[in-house]
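Chains as they are written, first to last, in our numbering: chain A, 1 to 290; chain B, 1001 to 1420; chain C, 2001 to 2273.
Watch out, some of these pointers could steer you wrong.
What the hints assert, rightly or not - Where chain C lies over chain B, by a calculated footprint (3+ residues, C-beta under 8 Å): (1) 1026-1038; (2) 1057-1065; (3) 1076-1089.
Claimed, not checked - Anything over 10 Å on all C-beta distances counts as not near chain B; from chain A, calculated: (4) G140; (5) W148; (6) F277.
These aren't lab readings, by the way, just hints derived from the structure by calculation. This one's a predicted model, so the numbers in the text were calculated from it and none came from an experiment. Beta carbons: idealized from backbone N, C-alpha and C, even for Gly.
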Amino acid sequence: MVGAHRKLPYLLLLPALAVIVLVLLVPLGYCFYLSLFKHSLGTGSHNFIGLKNYIALLSDQRFIASVFRTMLFVAVTLTLEISVGFGLAVMMHSLARGRGLVRAVVMIPWAVPTVISAMIWGWMFNDRLGLANRLLGLIGLIPAPLVWLADPTLTWMAIVIAEVWKTAPFVALIILAGLQMIPIELYQAAEVDGAGGFQKFRLITLPLLWPTILLALLFRTMDALRVFDLIMVMTGGGPAGSTEVLSLYNYKTLFSHLDFGYGSALSMTLFLLVMFFSLVYVRIMVRRAI
Amino acid sequence: MRAMIKLALPLIALAMAMSCAKSREKTITWAVGKDPAGRHQAMIEEFQRLHPGVKVKLLEMPESSTSQHDAYVTYLAAGDKSIDVYSIDIIWPAEFAQAGWLLPLNDALASPEREDFLPGPLAGCTFRDTLWAIPWFTDAGMLYYRADILGKNHLKVPDTWEDLLKQASFLSKKYEMAGYVWQGQQYEGLVCNFLEILWSCGGELFGDNGQPLLTSKEALKATGIVKEMFNIKASPLGVLTYKEEESRQLFTSGQAVFMRNWPYAWAISQDTAKGSAVAGKVGMAPLPACLGETSSSCLGGWNLAVSRFSRNPELAKELLLFLTSYDSQKDFALKGGRLPTRISVYQDPDVLKLNPHYKDFYNSFITARPRPVRPDYPRISDFLQIGLHRIFTGQVPEDKGLLSLQEELEKSVVKECYQE
Amino acid sequence: MKKIAAIAPYVFAILLLLLIALPFIWQVLTSLMSSGEIASGSSWPKGLYFKNYLEVFSGRYSFLRYIANSFIVSGATAVLSITIGCLAAYALARMRLRHKNIFMLAILSAAMLPQIAAISPLFLILRRVGLLNTYWGLIIPYTGFNLPLAVWMLYNFFRQLPPELEEAAALDGAGFGRTIWHVFLPLAAPGVFTAAILVFIFCWNEFLLALTLNTQESMRTVTVGIAMFPGLYEMPWGIIFAAATVITLPLVVLVLVLQRRIVSGLMAGAIKS
Chain A
1 MVGAHRKLPY LLLLPALAVI VLVLLVPLGY CFYLSLFKHS LGTGSHNFIG
51 LKNYIALLSD QRFIASVFRT MLFVAVTLTL EISVGFGLAV MMHSLARGRG
101 LVRAVVMIPW AVPTVISAMI WGWMFNDRLG LANRLLGLIG LIPAPLVWLA
151 DPTLTWMAIV IAEVWKTAPF VALIILAGLQ MIPIELYQAA EVDGAGGFQK
201 FRLITLPLLW PTILLALLFR TMDALRVFDL IMVMTGGGPA GSTEVLSLYN
251 YKTLFSHLDF GYGSALSMTL FLLVMFFSLV YVRIMVRRAI
Chain B
1001 MRAMIKLALP LIALAMAMSC AKSREKTITW AVGKDPAGRH QAMIEEFQRL
1051 HPGVKVKLLE MPESSTSQHD AYVTYLAAGD KSIDVYSIDI IWPAEFAQAG
1101 WLLPLNDALA SPEREDFLPG PLAGCTFRDT LWAIPWFTDA GMLYYRADIL
1151 GKNHLKVPDT WEDLLKQASF LSKKYEMAGY VWQGQQYEGL VCNFLEILWS
1201 CGGELFGDNG QPLLTSKEAL KATGIVKEMF NIKASPLGVL TYKEEESRQL
1251 FTSGQAVFMR NWPYAWAISQ DTAKGSAVAG KVGMAPLPAC LGETSSSCLG
1301 GWNLAVSRFS RNPELAKELL LFLTSYDSQK DFALKGGRLP TRISVYQDPD
1351 VLKLNPHYKD FYNSFITARP RPVRPDYPRI SDFLQIGLHR IFTGQVPEDK
1401 GLLSLQEELE KSVVKECYQE
Chain C
2001 MKKIAAIAPY VFAILLLLLI ALPFIWQVLT SLMSSGEIAS GSSWPKGLYF
2051 KNYLEVFSGR YSFLRYIANS FIVSGATAVL SITIGCLAAY ALARMRLRHK
2101 NIFMLAILSA AMLPQIAAIS PLFLILRRVG LLNTYWGLII PYTGFNLPLA
2151 VWMLYNFFRQ LPPELEEAAA LDGAGFGRTI WHVFLPLAAP GVFTAAILVF
2201 IFCWNEFLLA LTLNTQESMR TVTVGIAMFP GLYEMPWGII FAAATVITLP
2251 LVVLVLVLQR RIVSGLMAGA IKS
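When you get a sec, could you build the whole thing from the sequences and use the hints?
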């Protein structure tokens, strides 16, 4: 009985691990294997070259620039998403009525397929027909229509807005679930002790919510690092390559250059980058748990 | 137990017999972008009627070239045997052939028959003197203009870039609408639009030995023309964010005087049900050229190829020949709105009666050129898209931008590709 | 004065929601315009133009079939991810386990490889086991990609529950399965429900794998179905946006209905035991 009890947790993990092996380990192994070859179908070559693809990455200006862009994207969108998402969650939580309806509306952006929302936002920023120019023109902020997607800075604003619009609801839903998990008795007890609204927030809500916020941050970081569909559809990496993030460059090497060796090395690098950030989060989480 | 085996044996025998009967019926699978007119199914049925015992399975994909490319690359790189015939974009034959994914078709489409095909699409399907796909339907860039506006202002249709720019600039100011709209977003279409200007100014992208020629005076002239378009407001800056549809919508809603686009825009411009505000007011011409040079348009279009992994290559070739035959192409032109690749179909009285404008198309098609037929073309195009967009959006001056593009192409493309 | 203070948050909420829904509202309005109206840049449809919707459902593109397929795949993935996720999360959150952090990280890593890199190997694996063009061929990879979120969310919530729960359940004579089903799930209901919705929507919206792995028309999902509308160059915006509305609205209604049913159902279960 004791033996069975000790094995039980591992048995419970088994199905999860089996799925992981199938959809992660095998592809990962395949990807790593390919990354050791000069394997380009476009030129028909296939030679084992060890880690040379990885060494070549270090002097690839386009790769380095795309990594910086990815980091910038993660930093900017994450800050905005967490602020907006947190605000939305608190608002939804404080509503006495109609919370279900509000939650359903807030979910809409997340429920619109990315491919479609990217098309919609592309339209919104169209120079002649787009809503953005018309609204800004209406309130007199701009004298002439802006050509949003031909200017790197404006394009960045556009993709950040589109991304935050799409993913802040994800953050909001997770944080709302966390808020709902906090036992109401804690607040009641605090009120008996005479705590005000802000004190309740600082002493009860925030500490109990931290793990959930970190969770939302972790998953958003992992996804933002791999952002693909949105930018691919909205700009294709343009204007002038200024929104080419790592996954986009990766896609182009794999599917358009058919450079499977180098492309796989790029995929592995992106994987390691995500892994690195995840480890940082996990460390923070473990520390807090102790 | 034994009783069960006894019972099972006849069943197994029956199943085997049935599977044998089934395997006698040959099946081939054809992967192709969706056809809005629904002609694919009708053609397959006709082919099956002519070949008893053969079944053709239709695998319809999204029409988007990128979606098809992503999926086909995945299948072919995995040596997938489940698809026999692929319909491929005009820029893929060399790439797919080099990767060893296609069967050569030199014998399938032999001499007198081959001469009936337009030279441009044939060249696009020929790599290292071997034919890798049979041209199926074609496309090329055209100049669309507002015949009514030009008429009112007593202007003749521009045949030089200089005239086009002047007229577009003048008319756009006069009528407060866009002048000349084209496709300038950072994507494949930008390369087509640029090559058309480059070629029609006597320039080339690559020399005879495959070295890039982006520092030539023609290349500088071509980029200069584009920059000038924006300087004198012949084209709105928004063009740099447009693909086909954005420019088409401006034109057919009556908000632009000139447009470069593919033939598909013609039918929409004549169709008020599709929202055209300019039906009956539109003319079509070959694209302009530099003074003293000839117009040149960039070829699009789709071709049919046989997978190297096909289990029924001979039957697959039969299907190719059937789909590209005179009758099939005529049917496709009449009922499917696709432009034939056979010269003779453009002289067919039925076709001309229904589509008198095919004459205009033909004049452009006969001189239209494929983009460089090289296995590394997608990579070259990728560099060009970014490099040209940098120049046109004003991130770098023309000469500097062209020089760095030239260096980039020399470094990473030429050496790798021509070491055979 | 007091009344204003009571109403103010709702006014604020409504304004905020309008702002959030603006692009979606625009999508719906555009889906009600003819292509001429769209191209001329109107912002309000002249009349109610339903042709785009008819076009979505006209026989040529068995769109209802795609919706059914998406439903099956997304639903099954949500159920599977939550089930497997619950088992794993329970082990990680409530049991003594060596190398816990390594397991946590291993599960998380399923969401680390860029999906474009996984397509080719997944195609090879699924072809080997004969799962191409089947529901399972999508359900299994989707479950893998979503497992990290399910496990980590459930872990997070299971961990916050008081430690006496198992003892109480054991006193009642409940076995392990019943403890999870009747005690933990209901108490973690907000988390379970949220995770299930997020997983469901992820699958509903996935495009590249669905395009590559399930090529047969009878197996297509909604996103691939929408991709069938654009022509080589032509973009029928009205039809595309109508299709997008058709696949988004039911999702919102579904969530609206479900969240009441499921949450109250789970709560009831908790109270019973």
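Please list, smallest to largest, the hint numbers that this structure does not respect. Per hint list: single violation, 5.
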